[in-house]
Each structure stands twice: as C-alpha cells, then as structure tokens.
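In case you want the letters, here they are:
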Amino acid sequence: QQQVKQSPQSLIVQKGGIPIINCAYENTAFDYFPWYQQFPGKGPALLIAIRPDVSEKKEGRFTISFNKSAKQFSLHIMDSQPGDSATYFCAASILSYNQGGKLIFGQGTELSVKP
Amino acid sequence: GAVVSQHPSWVICKSGTSVKIECRSLDFQATTMFWYRQFPKQSLMLMATSNEGSKATYEQGVEKDKFLINHASLTLSTLTVTSAHPEDSSFYICSARGGQANYGYTFGSGTRLTVV
Numbered sequence: 001q002q003q004v005k006q007s008p009q010s011l012i013v014q015k016g017g018i019p020i021i022n023c024a025y026e027n028t029a030f031d032y033f034p035w036y037q038q039f040p041g042k043g044p045a046l047l048i049a050i051r052p053d054v055s056e057k058k059e060g061r062f063t064i065s066f067n068k069s070a071k072q073f074s075l076h077i078m079d080s081q082p083g084d085s086a087t088y089f090c091a092a093s094i095l096s097y098n099q100g101g102k103l104i105f106g107q108g109t110e111l112s113v114k115p
Numbered sequence: 116g117a118v119v120s121q122h123p124s125w126v127i128c129k130s131g132t133s134v135k136i137e138c139r140s141l142d143f144q145a146t147t148m149f150w151y152r153q154f155p156k157q158s159l160m161l162m163a164t165s166n167e168g169s170k171a172t173y174e175q176g177v178e179k180d181k182f183l184i185n186h187a188s189l190t191l192s193t194l195t196v197t198s199a200h201p202e203d204s205s206f207y208i209c210s211a212r213g214g215q216a217n218y219g220y221t222f223g224s225g226t227r228l229t230v231v
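As you go down the protein sequences, you meet chains A and B in turn.
As numbered in this note's numbering, residues 1 to 115 make up the first sequence, in order.
As numbered in this note's numbering, residues 116 to 231 make up the second sequence, in order.
Simulated from the structure, these hints should not be mistaken for lab results.
It is possible that part of the hints are untrue.
Only pairs whose alpha carbons sit at most 25 angstroms apart, straight line, appear in this in silico DSS-like list of lysine-lysine [unchecked claim]:
{"id": "1", "chain 1": "A", "residue 1": "K71", "chain 2": "A", "residue 2": "K57"}
{"id": "2", "chain 1": "B", "residue 1": "K156", "chain 2": "A", "residue 2": "K15"}
{"id": "3", "chain 1": "A", "residue 1": "K42", "chain 2": "B", "residue 2": "K129"}
So that you can see chain B by itself, here it is in the shape it has in the complex (with noise of 0.2 angstroms):
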C-alpha cells in the first residue's frame, strides 16, 4: 500500500532558530502534498497545499515567511519551521495524494515540535 514517511518523529529547537520536516512518499509519485498542524486535543488543521514543482498554496492566516514549503520532486516535500518560537510548538502532519489511479490520502506519522 502507499507510504508516507515523515522525519524527525519528534525534534526540540531553541527559539529563533529554524526546523526542516521531511515528507518523502516511499511507493508512489505525490503530485500533490498537504501540511497539517495538531494541537492537543484538536483537530487537524490545513496549512498549505504543494503541488510539484509549483509555489505552495497557503490557508487563511498561516504566514508563508514562516512556514516555508518546497515540493521539488514527486516523492519530497519539506516544511521548514523559520525563527522558531514557543507558541509554534505543535505536532505537525503530512499527506500526500499520488496519481488519479490513487486518489487516497496517506498521511505520515507526524512530527512533534517542541520550541524552547
């Protein structure tokens, strides 16, 4: 079945500094990406949308400066947390959609972030 892998699982970093999140899609071709962030005991919450090789599709109050996103190739797409700070301490999700013949979303494992 189709695989998402998400790395790190968990990472800690200083205020200030910046975070890079990978989501590679192991077994087939993700033309399109989706960023999510969780807070405790809520929702799942769209970030952003990429599709390869095109500018990343941001929602309603997520700072694009912030959240960096890349999705250079069909298998890897990266957010990269800029200028860290405590309040963006969150768990954050990926998903990826490949071709037409899998319109699925599979989903990564998730990566905890803790700002100190």
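Chain A on its own, in the form it takes in the complex (with noise of 0.2 angstroms):
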C-alpha cells in the first residue's frame, strides 16, 4: 500500500514535444504528491509539488494533473527543450509528522529530448 507505481521507465520525444509521465498510488491517506528531477551524480531537485483538494497545478512548463478518485497524478512538460533529459520521479507522503512524513518514490522515468 506504501508502493508509487511510476510508468513509462523511458521517454524520448523530440524538441518541443510534450512527454507524459504517469503515476498511481494505492494509499488514500498521501497527502502530498511532488514530482522530482534528477541528473547524473545530483541528488533530486523538486519540480512542483500538489496537495490532494486541487486537480490540477501549473508552474512554468511543468503541469502536474491529479485525479482523486482514480488515485493517479501526471507530469506534463510544456515545449520540452534537451536540457530537459533527466531522470523524472514522482513521490508521494503524509505530511503529519505523526506519521512520520516519509517520502516515498515512484520507479523513475528516464526522459531523453532530442534536438
């Protein structure tokens, strides 16, 4: 039930595309979803982050979509551009101290943006 099932494991899309990264989690009580970049050698950079009462967040060329009811949640890359090719990982927690806050990852999505 702690489990983040992240898909695709890779990604290539070309210049000003638009890749799609999917996850799904099976614990109603996560509370908070952040998506995560990752480069070689460096630790996880976050992205954007959505809590569970709003379906859908903007920031800059990154979206992330959240579907309650389905418990999935989607990154979208607006105009992507090279310098976008990196390891992508969704996570999720509960933030209540309580219960201890741990953050939990998706599997990981290697996306590759072709010039």
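Take the two lone chains and join them into the complex the hints point to.
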C-alpha cells in the first residue's frame, strides 16, 4: 500500500514535444505529491508538487494533473528542451509529522529530448 | 530557499573501514531527516527516518548496526556506514524537512560511496 507506481520507464521525445509521465498510488492517506528531476550524480530537485484538494497545478512549463478518484497523477512538460533530459521521479507522502512524513518514490522515468 | 549541504560528495574506502556522511540544513531547522540509497538506474530507497534527539526509525531490511544514523541537532544528521563492504557501494542521499511552515523536502546533493 506504500508503493507508488510510475510509467513509462523511459521516454524519448523531440524538442518541443510534450512528454507525459504517469504515477499511481494505493494509499488514500497520501496528501502530498511532488515531482523531482534528477541529473546523473546529483540529488533530486523539486520541480512541482500538488496537494489532493486541487486537480491541476502549473509552474512554468511543468503541469501536474491529479485524479483523486483514480488515485493517479501525471507530469506534463510543455515545449520540452534537450536540457530537460534527466530522470524524473514522482513521489508521495503523508505530511503530518506523527505519520513520519516519509517520502515514497516511484521507479523513475528516464527522459531524453532530441534536438 | 531551503538548502541542504551533504559531504563528502564522493568517498572511496577500503573494505572493513567505516565512513561517515554528513547532512546539514544551512538555513532552516530540520526537525526530520531522511536517508536514501540509490543504485544506478534505480529509484531512491528510503533507509531510515530520524527526528532530532530521537533514535532513527529504520525501514524493513536495513541493518541498523551497519548504517548508524545520528541526528543530534536541528541542523546536522550523520550516516555512518560501518565495516563497509563492496556491496555497500552506492549513492547515498539525505533529505530534510523543517517546521510546519516549510513542509517540503529538501535534498542534499548525494554522496557516491565506493568500497574497494
């Protein structure tokens, strides 16, 4: 129940395309859903995050779509650029401290944006 | 913004020795810190959660005697890999959370441990 399932494992798009990465979860107690970008040899960096009280959030070229009833959320990257080539992770947690607040990660998606 | 500094960024050690990795929150008080391990081309696997002044809570399958975690202050947590073996070679990443006003998770830049 603590798992977060992410797909696809890898994705190749042309510059300007809109890659979409999907995640699904089981634990309905999760209340924080972030997306991270990770470059080789670096720690993950927060891109955007959403709480379950909204269905969509945009920050720059990144959009999260959230479907509470389906227990799914996705990341869309608009006008993708070669510099967006990285590994993307979705994650989920229960923010209240008495629940530990640990962040559970999806399996990751390796994105390659071709020039 | 919130910054977490992790040192060293890479370390090579001999089998049987111990290695300490430090994780510092530079501009906020980290009430909770998390330690992750990441193998190449894989996801981050949570090893343990620590709250300042308390014993760490380890995930199932993580040897608490091998991976010693100390969170003695609100700005510093350390992970010590004791009696390291080649199979402990991995990328170790820390993450910190502040008080309620800052519920996000800030990650360190990671430590590449190679045991030879």
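- Query: K71(A) and K57(A): Cα distance at most 25 angstroms?
  - Reply: holds, 16 angstroms
- Are the Cα atoms of K42(A) and K129(B) separated by 25 angstroms or less? holds, 24 angstroms
- Is the straight-line distance between the alpha-carbon of K156(B) and that of K15(A) 25 angstroms or less? holds, 24 angstroms
No hint from the list above goes unmet by this structure.
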